[in-house]
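**Student:** Spelled out, the chains give:
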Amino acid sequence: MIGIIGGRVFDPMNGINGTIQDIWIKGGKIVSQEEVDPQKARRIDASGQVVMPGGVDLHSHISGAKANAGRKLCPEDSRRLIRARTGFFRSGSGYTVPSTHLTGYLYAEMGYTTVMEAASAPLVARHTHEELQDIPIIDKGVLITMGNNHFIMKCIQNGEMEKARDYVAWLLEASKGFGIKIVNPGGVENWKYGKNVQNLEDEVIGFGVTPRRILSALARIREELKLPHPPHIHGLSLGRSGNADITVETIKSMEGIDAHFCHIQFMSYGGKPGEFPKSAAVKVAQAVTENPHITVDVGQVLFGPATTMTSDAPFEFSLSRKIGAKWVNNDLESESGGGVVPLTYKRNDPVHSTMWSIGLELFLLIEDPWRVYLTTDHPNAGPFSGYPEVIRMLMDRDFRAQEFEKIHKKAMKNSILPELNREYTLNEIAIITRAGPAKRLGLKNKGHLGVGADADITVYANLENKAEMFAHPAWVIKDGEVVVRDGKLIREQLGRTLYVSPSYEKAIEKDIRAHFDNSYTVSFENYPIAPEHIGPSEKLTCD
Amino acid sequence: MTLQNRNGDKEASPITLRLKEPTSIPIEADTVSPDHFIGRSLKDIAALPVYFGRRKRNLGDVFHIEGEESDQVIVEGDLAHVKKIGYGMTRGRIVIRGNVGQHTGACMRGGEIIVEGHVADRAGIHMEGGRLWIKGNAGHLLGAAYPGERRGVNRGVIIVEGNVGSETGAFMRRGLIVVMGDTGEFVGARMIAGSVFVFGHLGKRAGAGMKRGSIVAFGACEPLLPTYRFESVFQPVFIRVFVNRLRQWGLPVNIERTEGLFRRYSGDITALGKGEILIYDSNE
Ligand SMILES: [Zn+2]
Chain A
1 MIGIIGGRVF DPMNGINGTI QDIWIKGGKI VSQEEVDPQK ARRIDASGQV VMPGGVDLHS
61 HISGAKANAG RKLCPEDSRR LIRARTGFFR SGSGYTVPST HLTGYLYAEM GYTTVMEAAS
121 APLVARHTHE ELQDIPIIDK GVLITMGNNH FIMKCIQNGE MEKARDYVAW LLEASKGFGI
181 KIVNPGGVEN WKYGKNVQNL EDEVIGFGVT PRRILSALAR IREELKLPHP PHIHGLSLGR
241 SGNADITVET IKSMEGIDAH FCHIQFMSYG GKPGEFPKSA AVKVAQAVTE NPHITVDVGQ
301 VLFGPATTMT SDAPFEFSLS RKIGAKWVNN DLESESGGGV VPLTYKRNDP VHSTMWSIGL
361 ELFLLIEDPW RVYLTTDHPN AGPFSGYPEV IRMLMDRDFR AQEFEKIHKK AMKNSILPEL
421 NREYTLNEIA IITRAGPAKR LGLKNKGHLG VGADADITVY ANLENKAEMF AHPAWVIKDG
481 EVVVRDGKLI REQLGRTLYV SPSYEKAIEK DIRAHFDNSY TVSFENYPIA PEHIGPSEKL
541 TCD
Chain B
544 MTLQNRNGDK EASPITLRLK EPTSIPIEAD TVSPDHFIGR SLKDIAALPV YFGRRKRNLG
604 DVFHIEGEES DQVIVEGDLA HVKKIGYGMT RGRIVIRGNV GQHTGACMRG GEIIVEGHVA
664 DRAGIHMEGG RLWIKGNAGH LLGAAYPGER RGVNRGVIIV EGNVGSETGA FMRRGLIVVM
724 GDTGEFVGAR MIAGSVFVFG HLGKRAGAGM KRGSIVAFGA CEPLLPTYRF ESVFQPVFIR
784 VFVNRLRQWG LPVNIERTEG LFRRYSGDIT ALGKGEILIY DSNE
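Chains as they are written, first to last, in our numbering: chain A, 1 to 543; chain B, 544 to 827.
Watch out, some of these pointers could steer you wrong.
With a Cα cut of at most 25 Å, we get these calculated SDA-like pairs of lysine to any residue [said to hold, decoys possible]:
#: 1; chain 1: A; residue 1: K72; chain 2: B; residue 2: Y689
#: 2; chain 1: B; residue 1: K754; chain 2: A; residue 2: L343
#: 3; chain 1: B; residue 1: K754; chain 2: A; residue 2: I82
#: 4; chain 1: A; residue 1: K326; chain 2: B; residue 2: A814
#: 5; chain 1: A; residue 1: K72; chain 2: B; residue 2: R693
#: 6; chain 1: A; residue 1: K322; chain 2: B; residue 2: T813
#: 7; chain 1: A; residue 1: K322; chain 2: B; residue 2: R597
#: 8; chain 1: B; residue 1: K817; chain 2: A; residue 2: N445
#: 9; chain 1: B; residue 1: K599; chain 2: A; residue 2: I82
#: 10; chain 1: A; residue 1: K488; chain 2: B; residue 2: L591
#: 11; chain 1: A; residue 1: K72; chain 2: B; residue 2: E692
#: 12; chain 1: A; residue 1: K72; chain 2: B; residue 2: L591
#: 13; chain 1: A; residue 1: K322; chain 2: B; residue 2: R694
#: 14; chain 1: B; residue 1: K599; chain 2: A; residue 2: F88
#: 15; chain 1: A; residue 1: K444; chain 2: A; residue 2: P531
#: 16; chain 1: A; residue 1: K488; chain 2: B; residue 2: R600
#: 17; chain 1: A; residue 1: K322; chain 2: A; residue 2: V351
#: 18; chain 1: A; residue 1: K326; chain 2: B; residue 2: L591
#: 19; chain 1: B; residue 1: K754; chain 2: A; residue 2: L319
#: 20; chain 1: A; residue 1: K326; chain 2: B; residue 2: R597
#: 21; chain 1: B; residue 1: K599; chain 2: A; residue 2: Y345
#: 22; chain 1: B; residue 1: K754; chain 2: A; residue 2: P531
#: 23; chain 1: A; residue 1: K326; chain 2: B; residue 2: K817
#: 24; chain 1: A; residue 1: K346; chain 2: B; residue 2: R600
#: 25; chain 1: A; residue 1: K322; chain 2: B; residue 2: L591
#: 26; chain 1: A; residue 1: K322; chain 2: B; residue 2: L815
#: 27; chain 1: B; residue 1: K754; chain 2: A; residue 2: Y345
#: 28; chain 1: A; residue 1: K326; chain 2: B; residue 2: R600
#: 29; chain 1: B; residue 1: K754; chain 2: A; residue 2: F88
#: 30; chain 1: A; residue 1: K488; chain 2: B; residue 2: R716
Source of the hints: derived by calculation from the structure; they are not laboratory data.
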């Protein structure tokens with residue numbers, strides 16, 4: 001039993017905005033005061049401090065095939081952050097792609113308690129889960145890439161929507177996934193022929209379907225399966241000048257169906273293809289505002305080293321050619337593809353400076369904080385350890401202006417950032433870093449401090465420097481256990497893997513088995529991951 | 544080499560570290576550097592951390608330490624397993640009396656390290672300034688880059704009186720490496736700029752993937768890679784300028800060779816192709 005006494009509580013989901021109140025914990029859950037014996041409870045004095053639910057990151061690449069390819073491709077990244085073993089805690093290394101245990105420590109030390117791995121092909125999900133188990137403290141889940149899946153595209157081509165729906169349900173259960181991820185629908189398949197898709201009507205080679213049909217089919221399937229999280233979409237033409245038009249068109253193409261668009265900073269460029277990108281943040285922010293069923297995360301660029309890793313294999317190829325960097329390409333049979341390219345974002349690079357500015361513009365232009373979430377698409381636009389710096393830029397106009405003065409002149413000239421005076425409040429920060437993402441992920445017990453919620457709580461010293469404040473919370477409590485005390489990690493424990501298991505027509509397995517016999521390197525029997533294989537877990541209901 | 548600074552001023556007596564007992568356990572001694580010693584009493588210096596294998600110890604547990612506050616440091620004993628001496632140093636001088644382990648003078652930015660014996664691999668790796676003078680032989684990756692890095696040494700001078708291993712000066716960005724003896728393979732591989740002078744035998748595949756920079760072979764040399772193209776025979780003036788300075792430093796450089804003709808090969812045409820390998824031809 002723990003009582004967090006006298007803190008200023010920010011719990012936007014329950015409409016609590018900075019009120020002084022006590023939070024009580026029992027059995028890993030938040031309970032009402034009547035349920036605890038205040039004499040016996042351990043009391044944490046939070047007076048003068050800020051109390052929020054534990055942070056929730058809904059898009060971060062921390063585990064699996066791509067993270068490992070990044071580690072192998074970039075041994076230099078290991079030298080940028082090295083932590084020795086101390087007492088109970090393991091050693092680790094890696095700045096943009098930290099090793100497994102270190103990833104858990106770094107998130108926990110920053111007050112984050114739930115993280116969604118943003119993409120794994122189902123074929124390599126076993127590896128993704130094995131690594132997730134080695135990431136301590138935080139709860140986690142995996143979004144499963146489906147936008148270039150042969151079986152699904154075949155079903156769409158033949159108009160067999162029920163079959164596609166049953167397959168998606170089977171695939172989520174087999175891979176112990178949390179939701180549907182769509183990456184450059186059709187484009188990754190076409191890349192296998194050295195091509196890509198340029199717009200929503202382009203044909204996917206060999207399937208006769210289009211990106212538009214893939215997107216709408218998967219969005220409808222999500223509705224029918226009642227998955228907690230809507231399709232998580234990385235659209236077309238990522239990183240290309242002029243891609244804002246297609247981003248807006250894709251947002252509109254959802255026609256009122258729920259969808260989440262990830263790292264839209266990378267999708268909000270004006271200008272002509274191949275030329276210098278201009279900010280199209282206004283256009284994209286407006287489209288987001290006008291389509292209330294759409295949510296986004298930003299993918300804010302941080303200056304310094306990054307490692308780009310995405311299932312968007314053609315994008316990684318063109319990036320590696322453009323900057324002359326090392327490159328890994330990955331082919332995932334009939335499911336997907338992928339690539340990894342290291343990159344350093346520089347202030348004196350006009351393109352990188354423009355990307356930095358576009359991210360902040362999007363944060364400030366999208367007025368409803370419930371529909372925009374803080375991410376750096378870790379480690380694509382920068383490591384998650386940079387979130388506190390982003391928070392400071394959002395909350396502190398003067399600091400933002402100061403940082404703006406340091407970017408490349410050409411980027412400055414094209415930016416509307418100096419005209420945006422908005423400053424995020426603590427309540428809004430609580431929304432974009434925990435309440436909003438938790439709500440969008442459909443996690444009913446997370447992102448809030450109401451009775452019955454998981455006791456994942458972060459207590460911050462209320463500092464003037466918001467970067468400092470959010471980088472080193474004084475207390476972090478996970479499942480009712482104190483893991484960070486006085487800013488220091490003191491406890492390592494296992495987190496849970498969150499997954500869904502929607503019901504489906506078992507007859508589909510006959511067709512899937514035939515598909516495996518024809519086109520997979522693994523057998524149907526060896527493909528599904530058993531629940532006991534993923535360690536401590538929590539199955540979310542689909543209703 | 545005596546411990547006198549360039550102005551000939553009298554100096555405080557140096558700090559001497561003597562390894563207490565020989566060991567095959569690797570010791571990570573990156574705190575052995577004038578930067579860490581300046582402004583510290585002997586007691587404080589003895590309390591600096593070192594890793595003895597996987598255990599954290601104090602410098603005083605591993606070395607006998609004596610002398611008075613100074614930026615002049617002498618290290619003695621069987622140091623073959625002592626790593627990272629002078630790591631990142633910016634000033635002063637370290638004299639190592641004997642053989643020394645890996646990463647000696649890695650990332651150093653100023654000052655001088657003199658090794659009276661041999662050094663193991665990765666000496667002067669990622670160096671950014673100062674001078675590393677090795678009287679014996681050096682191992683592999685002398686003045687090179689750590690795995691995955693795209694740029695290695697960026698300024699500074701490395702002199703080896705003996706032989707060196709493979710990948711000397713790989714990924715070098717700026718600076719000078721002088722090898723009086725023979726080299727292993729891949730000297731100046733993927734070099735971006737800078738100079739490597741080899742007075743002994745230049746090993747195979749020198750300058751593989753080199754963008755810019757100069758590799759100068761004063762002695763014999765293995766056949767070059769097919770991606771190097773013969774350009775001309777000439778008498779480069781810059782070599783004389785360099786060699787004059789080397790002689791001033793007291794290196795026994797054969798003056799006749801430096802005034803002779805050199806065959807110029809340009810490459811590596813699989814990369815940018817603006818690099819050169821100069822091979823001593825004759826003094827005709
Ligand atoms: Zn991503």
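**Student:** Confirm or reject each hint.
**Tutor:** Hints, one by one, checked against the model:
1. Taking the CA atoms of A/K72 and B/Y689, the gap is near 14 Å; set against the 25 Å cutoff, the hint holds.
2. Between B/K754 and A/L343 the CA atoms are separated by roughly 21 Å; this keeps the pair inside 25 Å, and the hint holds.
3. A C-alpha spacing of about 32 Å is found between B/K754 and A/I82, which places the hinted pair above 25 Å, so the restraint is violated.
4. With a C-alpha separation of about 14 Å, the suggested pairing of A/K326 with B/A814 holds against the 25 Å cut-off.
5. Note on A/K72 and B/R693: the hinted pairing holds, with a Cα-Cα distance of about 15 Å set against a maximum of 25 Å.
6. Restraint check: the Cα-Cα separation between A/K322 and B/T813 comes to about 18 Å, which is no more than 25 Å; the hinted pair holds.
7. For the suggested pair A/K322 and B/R597, the alpha carbons sit about 43 Å apart, so the restraint of at most 25 Å is broken.
8. Distance hint between B/K817 and A/N445 is unfulfilled; the C-alpha atoms sit about 62 Å from each other, more than 25 Å.
9. At most 25 Å may separate the alpha-carbon atoms for a hinted pair to count; B/K599 and A/I82 meet this at roughly 15 Å.
10. Annotation: proposed proximity of A/K488 to B/L591 holds, straight-line Cα distance about 24 Å (limit 25 Å).
11. Distance restraint check for A/K72 and B/E692: the Cα-Cα separation of roughly 13 Å lies within the 25 Å cut-off, and the hinted pair is therefore satisfied.
12. Restraint check: the Cα-Cα separation between A/K72 and B/L591 comes to about 34 Å, which exceeds 25 Å; the hinted pair is violated.
13. Taken as a hint, the A/K322 and B/R694 pair is honoured in the structure, with Cα atoms around 19 Å apart against an allowance of 25 Å.
14. Restraint check: the Cα-Cα separation between B/K599 and A/F88 comes to about 16 Å, which is no more than 25 Å; the hinted pair holds.
15. Among the hinted pairs, A/K444 with A/P531 is consistent with the structure: their alpha-carbon atoms are about 22 Å apart, no more than 25 Å.
16. With a C-alpha separation of about 24 Å, the suggested pairing of A/K488 with B/R600 holds against the 25 Å cut-off.
17. Distance hint between A/K322 and A/V351 is fulfilled; the C-alpha atoms sit about 12 Å from each other, no more than 25 Å.
18. Proximity of A/K326 to B/L591 is assessed by CA-CA distance (about 39 Å); at most 25 Å being required, the pair is judged violated.
19. The hinted pair formed by B/K754 and A/L319 meets the criterion: a straight-line CA distance of about 21 Å does not exceed 25 Å.
20. For the given pair, A/K326 sits about 33 Å from B/R597 by alpha-carbon distance, which is inconsistent with the 25 Å threshold.
21. Of the supplied pair hints, the one linking B/K599 and A/Y345 is violated, its CA atoms being roughly 36 Å apart against a limit of 25 Å.
22. With a C-alpha separation of about 53 Å, the suggested pairing of B/K754 with A/P531 is violated against the 25 Å cut-off.
23. Between the alpha carbons of A/K326 and B/K817 the distance comes to roughly 21 Å, so the proposed pair stays at or under 25 Å and holds.
24. Restraint check for A/K346 and B/R600: the C-alpha separation of about 39 Å exceeds 25 Å, so the hint is violated.
25. Restraint check for A/K322 and B/L591: not satisfied, since their Cα atoms lie roughly 46 Å apart, outside the 25 Å limit.
26. Taking the CA atoms of A/K322 and B/L815, the gap is about 16 Å. The hint holds against a cut of 25 Å.
27. Between B/K754 and A/Y345, the direct Cα distance comes to roughly 24 Å. Compliance with the 25 Å bound is thereby established for this hinted pair.
28. Simply put, A/K326 and B/R600 have alpha-carbon atoms about 39 Å apart, too far for the 25 Å limit, and the pair is violated.
29. With a CA separation close to 48 Å, the supplied pair B/K754 and A/F88 exceeds the 25 Å bound.
30. Taking the CA atoms of A/K488 and B/R716, the gap is about 41 Å. The hint is violated against a cut of 25 Å.
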